[in-house]
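These are the residues of each chain, in order.
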Amino acid sequence: MLVLVPLSMREALAEEKIIAISFPNSSTIGAVTTSLNQSRAKGAEMGYKVVVDDPGADMNKQINTLKTWIQQKVPVIVCVTPQPAVFESIAKQAREAGIKWITYGETLKNQDATVGYAQYDDGRRLGEYAGQWIAEKLGGKAKVAILGYQKASWGQLRGKGIKDGLLAKVPDVEIVAEQDAINPSDGLNVTRAILQANPDVNVILGIEDPATEGAYKAWVASGKDKADPNGFIGGMDGTIPALTLLKDGGTVYRASMAIPLKGVGDAIVTTADRLLKGENTGDTIVPLELVTEGSPKAADYLKEQGAL
Amino acid sequence: MTLLTGTNDTRAAPPALNNPSVKGRQFSISNDTVVTNILVVALVVMMLVFSSQSSAFFTLSNFEVIVTNYAAVGVVAAAMTLLVISGNVDLSVGSNIGLSGMVTALSITNFGLSAGMAVAAGIATGAGIGVINGLLCGVLGFNAIIVTLGMLALLRGVTLLFNSTEVYGLGETFFWIGNGDLLGIPVLLWAVVLAFGAVALVTSTTIWGRYIYAVGINRQAAFLAALPVRSLLLSLHIATGAAAGLAGILLAGRLDGASPGSLGLQLEMQVLTIVLLGGVAFAGGRGRVFGVITAWLFLGVLDNGLTLLNVPPFVQLVASGLALVFAASLDAFGNLLRSRTSHRRLVKEQRRNANEHN
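Line order of the protein sequences matches chains F and G.
In terms of UniProt numbering, the first sequence is residues 1 to 308.
In terms of UniProt numbering, the second sequence is residues 1 to 358.
By construction, these hints were calculated from the structure, which means they are not laboratory data.
No experiment lies behind these values; they were computed from the predicted model shown.
Note that beta-carbon positions come from the ideal geometry of N, C-alpha and C, so glycine has one too.
Please note that a few of the clues may not be correct.
To be verified - Simulated coverage check for chain F against chain G, where a stretch passes if three residues somewhere in it have a Cβ under 8 angstroms from a Cβ of chain G:
| # | region |
| --- | --- |
| 1 | 170-179 |
| 2 | 191-200 |
| 3 | 211-224 |
| 4 | 235-242 |
Unchecked claim - Pairs of lysine to any residue, SDA-like flavour, derived with a Cα cap of 25 angstroms:
| # | chain 1 | residue 1 | chain 2 | residue 2 |
| --- | --- | --- | --- | --- |
| 5 | F | 226 | G | 173 |
| 6 | F | 226 | G | 181 |
| 7 | F | 163 | G | 311 |
| 8 | F | 151 | G | 153 |
| 9 | F | 143 | G | 309 |
| 10 | F | 160 | F | 139 |
| 11 | F | 143 | G | 54 |
| 12 | F | 160 | F | 176 |
| 13 | F | 163 | G | 317 |
| 14 | F | 61 | G | 146 |
Sequences and hints are given; from them, build the entire structure.
Right, dumping it as structure tokens:
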């Protein structure tokens with residue numbers, strides 16, 4: 001259809017100062033939604049229209065949309081790349097068409113900049129914190145379950161970071177289960193089964209807070225003490241339910257690597273803006289912040305998300 | 001009734017609709033039983049394998065985990081069984097669950113409704129979506145796959161427009177729905193047992209059950225036989241929508257909240273897998289509730305067992321895919337058996353007739 005769009009219209013679209021963001025599963029993760037809403041707000045403030053596409057887990061659909069944007073000649077594309085190698089060629093096509101390409105949370109050969117997080121490093125910090133806690137409270141022994149997401153490279157990086165960080169601190173822990181879970185339903189269902197096979201699992205770490213929120217429900221539903229002093233659940237992203245548990249304290253939910261959501265949202269737009277002005281921005285890495293049980297930072301992040 | 005039992009149609013209707021000859025009926029039951037029993041045997045073998053590999057598998061508490069994990073899916077699968085037997089389908093149930101669950105959660109947290117009213121709002125939302133699907137597909141005759149696929153995307157979008165962030169903290173009543181029990185049996189299990197029980201009752205004891213098979217075998221013939229085809233299909237879509245609404249409530253209860261993007265996501269594929277694996281013909285006119293219950297348990301046990309054994313996620317994908325292929329081959333095997341027995345019966349009848357003439 002776009003081929004039929006007259007050239008003048010396409011040029012008009014290009015001049016509309018669009019920042020096009022391709023973010024799989026963005027609508028399923030509340031924290032990401034908050035971050036992207038901030039991008040929209042920041043974009044409006046700076047005279048950009050921020051367009052977000054959520055292709056779910058369908059990479060083909062994602063590539064179709066990217067090709068449409070290239071045809072449309074949007075000025076900037078920001079893209080989450082579930083499998084980075086797959087996106088090299090389309091990123092090259094975009095850049096050849098004069099479009100600035102920003103990779104979110106990963107690095108491609110064909111790109112102008114990276115914005116996002118250091119997935120492995122952030123995961124590793126959670127793993128190290130959990131390891132430190134196990135060393136101090138449990139004498140270095142624990143049975144651990146890890147809720148990861150092997151289908152995407154960011155999930156693999158986060159999961160590997162958690163595992164490496166944990167084992168670096170407490171090499172004697174026993175990792176009894178590694179399963180995929182990315183949302184509350186999966187986190188609940190998978191953890192209930194894990195707790196059946198291993199009722200003495202006392203540490204659950206996840207690459208996504210929604211999954212570990214589900215794991216917490218499973219912990220309670222399986223009859224375990226929600227304030228078990230020997231229990232530890234920790235996730236990543238800093239969603240509202242997770243941060244609320246951390247703010248209130250008194251539960252086994254003890255840590256989350258919180259995304260400075262507004263900071264990331266702003267960084268997407270400011271990096272795009274600088275690239276369009278011809279600057280060489282380099283990578284913009286926003287480190288996640290470790291929020292622990294009872295920490296005042298939990299309230300700060302809740303305020304940022306408008307939940308307080 | 002000849003229209004519904006003609007020998008040219010190899011799909012097996014329930015006994016009441018079959019050829020009145022005892023022999024014919026015996027053939028039909030025998031074939032369905034064979035197909036269902038293959039799944040039962042597969043289920044038993046799988047349970048034995050998991051039991052031998054994990055001591056945690058064959059326990060009462062693990063059975064509770066299996067049925068409660070899969071309860072919401074089971075409720076929708078029960079209602080969907082009738083819809084698919086009638087030759088229709090509703091692929092929007094996953095998003096229906098998301099929207100109904102969100103309406104339920106917001107009814108509590110934002111609108112301050114009582115738990116009872118919130119439950120009613122959730123079921124009414126699901127049923128309302130069923131009315132739209134039913135009017136478009138059942139009354140106006142639009143293609144059910146296209147319409148409900150459209151609704152799948154539309155409803156997810158509406159849910160996100162309605163409220164784009166997670167809602168949580170639904171209170172004691174919802175905690176009881178998701179995690180509590182009634183007379184020592186989990187509430188979720190009650191829900192799924194009642195759903196399957198109601199569907200079994202409809203198909204086996206009511207005239208409406210026969211109508212559903214009749215419409216599924218040949219909608220045009222059913223219409224010409226003065227059966228209430230349109231109102232029947234509308235009712236089935238409403239029932240499926242209401243079941244999805246109930247599933248949304250059950251899931252929201254389990255999770256103590258609703259996430260607009262992920263609640264019920266891709267559940268329609270799980271539901272359809274269960275219904276087809278259970279021996280219900282996608283073209284309609286054939287299927288038994290017992291088969292669907294077996295398939296529901298089959299997938300629940302498969303999912304649970306693979307997690308218990310800590311099988312890597314990629315291998316789990318392979319296993320789930322194989323289950324679908326198994327479903328397809330089961331359906332093909334059933335059709336093959338039916339066509340062969342039907343053909344043999346025809347040949348026998350022709351020989352008998354020829355002998356009588358001689």
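Going down the list of hints, with the structure as the test:
1. 170-179: holds (count 4)
2. 191-200: holds (count 7)
3. 211-224: holds (count 5)
4. 235-242: holds (count 3)
5. 226(F) <-> 173(G): 19 angstroms, holds
6. 226(F) <-> 181(G): Measuring from Cα to Cα gives roughly 19 angstroms; hence the hint holds.
7. 163(F) <-> 311(G): 18 angstroms, holds
8. 151(F) <-> 153(G): Answer holds: residue 151(F) to residue 153(G) is near 23 angstroms, not above 25 angstroms.
9. 143(F) <-> 309(G): 15 angstroms, holds
10. 160(F) <-> 139(F): 23 angstroms, holds
11. 143(F) <-> 54(G): Distance of about 17 angstroms is within 25 angstroms: holds.
12. 160(F) <-> 176(F): 15 angstroms, holds
13. 163(F) <-> 317(G): Status holds; Cα separation ~23 angstroms.
14. 61(F) <-> 146(G): Satisfied, since the Cα-Cα distance of roughly 18 angstroms is no more than 25 angstroms.
In the structure shown, no violation is registered for any of the earlier numbered hints.
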